[in-house]
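All chains should be built: construct the whole structure from the sequences, respecting the hints.
Residue-level listing of the chains:
There are 2 protein chains.
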Amino acid sequence: MSDATIPKDADTVTLSLAELQTLALDVLRHHGVSDPHAQAMARVMVAGQRDACHSHGLFRLLMCVQSLRDGRVSRDAEPLVTQRSPVVVAVDAQAAFSPLAFEVGSRHLVEKVRACGMGALVINNCFHFSALWPEVEQLTEHGLCALAMTPAHACVAPAGGRSAVFGTNPLAFGWPRAGAHPYVFDFATSAVARGEIELYRRSGRALPPGWGLDEDGEPCADAATVLQRGAMQTFGGYKGSALASMIELMAGPLIGDLTSAQSLALDGRLGGAPHHGELILAFDPRFFSGRDPALDQAAAEALFAAITGQGARLPSQRRFEARAHSQIHGVQMARALHTDILALMQ
Amino acid sequence: MSDATIPKDADTVTLSLAELQTLALDVLRHHGVSDPHAQAMARVMVAGQRDACHSHGLFRLLMCVQSLRDGRVSRDAEPLVTQRSPVVVAVDAQAAFSPLAFEVGSRHLVEKVRACGMGALVINNCFHFSALWPEVEQLTEHGLCALAMTPAHACVAPAGGRSAVFGTNPLAFGWPRAGAHPYVFDFATSAVARGEIELYRRSGRALPPGWGLDEDGEPCADAATVLQRGAMQTFGGYKGSALASMIELMAGPLIGDLTSAQSLALDGRLGGAPHHGELILAFDPRFFSGRDPALDQAAAEALFAAITGQGARLPSQRRFEARAHSQIHGVQMARALHTDILALMQ
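Note that the protein sequences, when read in sequence, are chains A and B. Be aware that the first sequence starts at 1, since it is given in this note's numbering, and climbs by one per residue. Be aware that the second sequence starts at 1001, since it is given in this note's numbering, and climbs by one per residue.
In case anyone wonders, no lab produced these hints; they're calculated from the structure. Each hint should be verified, as a subset may be incorrect.
Claimed, not checked - Counterexamples of contact, computed for chain A against chain B with all Cβ distances above 10 Å:
| hint | residue |
| --- | --- |
| 1 | D11 |
| 2 | V13 |
| 3 | S55 |
| 4 | R69 |
| 5 | E218 |
| 6 | P219 |
| 7 | G330 |
Claimed, not checked - Derived DEER-like restraints, expressed as beta-carbon distance ranges:
| hint | chain 1 | residue 1 | chain 2 | residue 2 | range |
| --- | --- | --- | --- | --- | --- |
| 8 | A | D340 | B | A1224 | 55 to 61 Å |
| 9 | B | A1115 | A | D214 | 47 to 53 Å |
| 10 | A | G160 | B | S1203 | 25 to 31 Å |
| 11 | A | E218 | B | G1195 | 31 to 37 Å |
This one's a predicted model, so the numbers in the text were calculated from it and none came from an experiment. Note that CB positions come from ideal geometry on N, CA and C, so glycine has one too.
Printed below as a string of structure tokens:
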């Protein structure tokens, strides 16, 4: 959710959300992506741009087109759905990008959760470029509480170590609220996004403590060393490291898919979209609480009010504010990025 | 998991695990706790003492007896089981301590997960004093991956705030390993345990940065101020705070039970065992992975080997080492604690 891709005072272009969607679709279709995939991919990129999560906005078209040109990613594979149990559905993305697999699978997931109270959507064999918050947010629209997690390419050392084992391994959570935006968070279990360290490298700035290690496992302020020979660190010391390991296990071996180290080994480079799985869990409060749902909703709202009432922000507050602005005024995009995106169609 | 209750060079007594179990049972029975409850409670306290998690060892008898003397806790209520769906079971502890409710409920949980691939155990209306790792570890013995979470008494501020909203809200995770101890972690989402800050207060030492805030939300090194007028902090900044909020919501309003703020308001003091709910989730890998389980087990083992191979420790390594020692040599307990425990029977 960095603003880093929009340098201050830079020349920008303003696009409506409809124009953004058309632009993303045009690029993806130009590269032979089937309409269902292009629509699903464009939707999550436009959502990112709309909410000022620029690193997950149309910027991602550059990475996606690179992966398509490499020939590693399917342009048109249909997601293959397998019912594993009354509460577990698996979707094999067949080496395509993940958004369509999520859209197809989430319909089954919602049915299962509404029938049984909880359920899991396993996505296997996908290329992953998207943020997780659009997925959990979508599930909250069905009145469900949801969790999503995925590994990435290995670039993060475990606490007490020195070599990359984990990916940036994000965790997203969504909680439905009546008459308000859902309560949503989505954070990497690395101290910062890898792209953030890349920006420090480009500008030659020293990294803050806690972000990276050199090849000997010592704290390192040099971004290039961290990226090339060292490793990133998790947030929150050994606790953040434990959480990263949980995501690695649950969205890797549990679902029969690659760990971050395996994904990196398969790809061989850190630049491309990683190829692995994703796990989404959802819960219907009606099956979990034995009391009047209004009491539970009131307790959750009291919690949110206790947070905002003392001047702290809810995790997605800034994102929803950006959304409200974008829906009226459109979004500003750095002209250089816009030019790069248009060049993808030449 | 602090060693703080055993001062160095202190006079100690050595007890076998069987002697510890007998001691705990004697105390609980002396206070009229029914045999099923006493057995379940003693088992988790002995497990804590055995694994050198002294703050969750027989030390907890002091808090439990205080709560019993207060008349707030039931000595003999039978856990009331309700099947909420094919995958959700709820146990009303009826204002007794939680360990028996877990033992009764986990049998249903295991059946559900083996039949459907995943399941949830909701524990409501319990008094909570135990660590969560014994529970997830027990579920791994059935070949299941497990998560457990619970609120506590509110004493932790959200990131960017100044007033207590969250409890220490622990999260525990267990992963089964063939021929080895399971992979288990159990951490508070507060920066440290509340007892740790209490120890700093007693010794008059300054708190390290990141542990606590004063009443204005400013970083505070004075333990008494943090405990009496300020608030503890979460681990890992706004990400740890987000995780604490997830636990608050999932083990509170989702399951129709109290938040940490509600639990504290009900009790009125921070010293007693908190009265709230707990959520346990379990997953059977056979339903989640579409490939040969040996491949998934090998991938998980490769992950663990990549962590330990670079000199980092697995989260429960120290605990399992302490267990191996205790099983042969028994455990050492500070004589002062032993005396205090014996005095509970006078």
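Check each numbered hint against the structure and report the violated ones by number, ascending. none
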